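Trainee: Each chain, written out:
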Amino acid sequence: MEEFISEISAEELIKKYSDMVYRLAYSRTHNTHDAEDITQDVFLKYYKTKQQFNCEEHRKAWLIRVTVNTGKSLVTSAWFRHRAEPDENSADEPSEQMNEKSGLYYAVYSLPVKYREVVHLFYYEDMSIAEISATLKTKESTVKSLLFRARGLLREKLREEDYEL
Amino acid sequence: MSFKDDYRKYNEDIKPDKEFLDRLTDDINKEHRSRISIHRTGMITTVCAACVCLVVAGGFAFSSFASGNINISVAGEDTPHTAENTTIGVFSAQQWYSEDMSDEEITALLADRLNDANDIEKVFCSADNSFDDDELLSGDEIHKLSEKLKKAEIISPIDESGDVKYYMMVFKNGDIVKIKEYNNCILIEDTGTFCKIK
Numbered sequence: 013m014e015e016f017i018s019e020i021s022a023e024e025l026i027k028k029y030s031d032m033v034y035r036l037a038y039s040r041t042h043n044t045h046d047a048e049d050i051t052q053d054v055f056l057k058y059y060k061t062k063q064q065f066n067c068e069e070h071r072k073a074w075l076i077r078v079t080v081n082t083g084k085s086l087v088t089s090a091w092f093r094h095r096a097e098p099d100e101n102s103a104d105e106p107s108e109q110m111n112e113k114s115g116l117y118y119a120v121y122s123l124p125v126k127y128r129e130v131v132h133l134f135y136y137e138d139m140s141i142a143e144i145s146a147t148l149k150t151k152e153s154t155v156k157s158l159l160f161r162a163r164g165l166l167r168e169k170l171r172e173e174d175y176e177l
Numbered sequence: 003m004s005f006k007d008d009y010r011k012y013n014e015d016i017k018p019d020k021e022f023l024d025r026l027t028d029d030i031n032k033e034h035r036s037r038i039s040i041h042r043t044g045m046i047t048t049v050c051a052a053c054v055c056l057v058v059a060g061g062f063a064f065s066s067f068a069s070g071n072i073n074i075s076v077a078g079e080d081t082p083h084t085a086e087n088t089t090i091g092v093f094s095a096q097q098w099y100s101e102d103m104s105d106e107e108i109t110a111l112l113a114d115r116l117n118d119a120n121d122i123e124k125v126f127c128s129a130d131n132s133f134d135d136d137e138l139l140s141g142d143e144i145h146k147l148s149e150k151l152k153k154a155e156i157i158s159p160i161d162e163s164g165d166v167k168y169y170m171m172v173f174k175n176g177d178i179v180k181i182k183e184y185n186n187c188i189l190i191e192d193t194g195t196f197c198k199i200k
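Protein chains in written order, with our numbering: chain A, 13 to 177; chain B, 3 to 200.
Fair warning: there could be bad hints in the mix.
Across the chosen pairs, the derived CB separations fall in these ranges [unchecked claim]:
| id | chain 1 | residue 1 | chain 2 | residue 2 | range |
| --- | --- | --- | --- | --- | --- |
| 1 | A | His45 | B | Ile178 | 28 to 38 Å |
| 2 | A | Val125 | B | Asp134 | 48 to 58 Å |
| 3 | A | Glu68 | B | Ile157 | 29 to 39 Å |
| 4 | A | Lys62 | B | Ala52 | 21 to 31 Å |
| 5 | A | Ile17 | B | Asp161 | 24 to 34 Å |
| 6 | A | Gly164 | B | Glu106 | 48 to 58 Å |
| 7 | A | Asp138 | B | Lys146 | 18 to 28 Å |
| 8 | B | Asp135 | A | Gly115 | 24 to 34 Å |
| 9 | A | Glu176 | B | Asp24 | 15 to 25 Å |
| 10 | A | Glu176 | B | Glu143 | 19 to 29 Å |
To give an idea of the chain B side of the interface with chain A (calculated C-beta under 10 Å), a few residues [as the list claims (entries may be wrong)]:
| id | residue |
| --- | --- |
| 11 | Lys6 |
| 12 | Glu107 |
| 13 | Leu111 |
| 14 | Ile156 |
With a straight-line Cα cutoff of 30 Å, these simulated DSS-like cross-link-like pairs (lysine-lysine) come out [claimed, not checked]:
| id | chain 1 | residue 1 | chain 2 | residue 2 |
| --- | --- | --- | --- | --- |
| 15 | B | Lys17 | A | Lys149 |
| 16 | B | Lys174 | B | Lys124 |
| 17 | B | Lys180 | B | Lys146 |
| 18 | B | Lys124 | B | Lys198 |
| 19 | B | Lys150 | A | Lys126 |
| 20 | B | Lys180 | A | Lys57 |
| 21 | B | Lys32 | B | Lys124 |
| 22 | B | Lys124 | A | Lys126 |
| 23 | B | Lys180 | A | Lys151 |
| 24 | A | Lys60 | A | Lys151 |
| 25 | A | Lys28 | A | Lys57 |
| 26 | A | Lys57 | B | Lys17 |
| 27 | A | Lys60 | B | Lys32 |
| 28 | A | Lys27 | B | Lys32 |
| 29 | B | Lys6 | A | Lys149 |
| 30 | B | Lys150 | A | Lys72 |
| 31 | B | Lys153 | B | Lys198 |
| 32 | B | Lys150 | B | Lys174 |
| 33 | B | Lys200 | A | Lys156 |
| 34 | B | Lys200 | B | Lys150 |
| 35 | B | Lys180 | B | Lys200 |
| 36 | B | Lys200 | A | Lys72 |
| 37 | B | Lys6 | B | Lys32 |
| 38 | B | Lys198 | B | Lys182 |
| 39 | B | Lys146 | A | Lys72 |
| 40 | B | Lys182 | A | Lys57 |
Since the hints were made in silico from the structure, they are not lab data.
Values in this document were obtained by computation on a predicted structure and should not be read as measured data.
A virtual CB, placed ideally from N, CA and C, is assigned to each residue, including glycine.
My request is simple: use the sequences and hints to build the entire structure.
Mentor: If you want it as structure tokens, here you go:
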């Protein structure tokens, strides 16, 4: 079992969690700049918090929770709502590497924001419904229903691609 | 085809830029160093202040002992000094919520604080996001606002439309919280928490 070190350097923390935080932020915004803003905010908040972490899972759950909260405040901030380009149009185009999977990209992106994060935590972070519920401090029944509806929408959008969900 | 496998592959391509990560590491290290330096400066200042106090007190005690007069007073001052609250500009520097609270916990915390007469100082309400003293809510109105928040259900944000009411809550410890109400919903601006009034 990996030994838990409560004090961690910026380099180590970023090396260990930057991909996770950035991907989760990107799943909400689908925009590089906004995902970077959220990632930066989350790590600065980490170094300002007085929260004591008692295990690595606790630290990871805190980072996920704060990423989701920071994403929400960005999307509802006055600056974000009033900037020139609305959210839907400011999303990145899929990169060349992603093009072959662009059906999947557009299907996930077209989901309402509240489904995208749950889909990401379930399918990418491999978290169970109970873990997502504990991390996001939401009822298990809510997570189940979000996931159920998201799967329904994805099935419809990816009908021709014959995905197993 | 497995959605999970393809979704994972698709996400492997999504990575933060190396330059961005280098900048971020620098920013965090700078922030960390400045906090340590503020902490050290604070400690040095405290130790110096304590030394000065000891020397002054010792001086007074010695002069009182030498003159036989034990009353200590400072010329021209009738009232004692009091410590000032630490504020940055007009607003206090503290954050009223914790980063890892859920939307439900944030809404409940705000509702409870509004309902606590020992905590809430005043609540302004206006239609144009500027607040004057003649736009203060009464105790009953504050209680109603607290009840609205208590019973509200968290939903995804919807666009602003129709009449908008802006509220600014001022708490006795200096916390200031702004919310707005529209379409029978409330948005807590600091946290992005959005809820529907039931």
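Trainee: Would you check the hint for Lys182 of chain B and Lys57 of chain A, treating anything up to 30 Å between C-alpha atoms as holding?
Mentor: The hint holds at about 25 Å.
Trainee: Would the hint linking Lys28 of chain A and Lys57 of chain A be met if the CA-CA limit is 30 Å?
Mentor: Roughly 16 Å separates the two Cα atoms, so the pair holds.
Trainee: Are the Cα atoms of Lys32 of chain B and Lys124 of chain B separated by 30 Å or less?
Mentor: Violated, at roughly 38 Å.
Trainee: Given the hint of 48 to 58 Å, check if Val125 of chain A and Asp134 of chain B actually sit that far apart at their C-beta atoms.
Mentor: 37 Å, violated
Trainee: Between the beta carbons of Glu176 of chain A and Asp24 of chain B, is the distance compatible with 15 to 25 Å?
Mentor: 40 Å, violated
Trainee: With 10 Å as the cut and Cβ atoms as the points, is Glu107 of chain B at the interface with chain A?
Mentor: Where the cut-off is 10 Å and the nearest Cβ of chain A is about 7 Å from Glu107 of chain B, the hint holds.
Trainee: Tell me if the straight-line CA distance from Lys124 of chain B to Lys198 of chain B falls inside 30 Å.
Mentor: It holds: about 24 Å lies between the C-alpha atoms, which stays within 30 Å.
Trainee: Can you confirm whether the C-alpha distance between Lys180 of chain B and Lys200 of chain B stays at or below 30 Å?
Mentor: Holds: Lys180 of chain B and Lys200 of chain B sit about 20 Å apart, inside 30 Å.
Trainee: Below or equal to 30 Å on CA atoms is what counts here, so check Lys200 of chain B against Lys156 of chain A.
Mentor: Holds, because 24 Å separates the two Cα atoms, which is no more than 30 Å.
Trainee: Does Lys72 of chain A sit within 30 Å of Lys146 of chain B, going by the straight-line distance between their CA atoms?
Mentor: 39 Å, violated
Trainee: Hinted pair, alpha-carbon criterion (30 Å max): Lys150 of chain B, Lys126 of chain A. Please report holds or violated.
Mentor: Holds. Lys150 of chain B to Lys126 of chain A sits at ~24 Å (cutoff 30 Å).
Trainee: Under the criterion that the straight-line Cα-Cα distance not exceed 30 Å, is the pair Lys150 of chain B, Lys174 of chain B satisfied?
Mentor: 22 Å, holds
Hints 2, 5, 6, 7, 8, 9, 10, 13, 21, 22, 30, 36, 37 and 39 from the list above are not met by this structure, while the remaining hints are.
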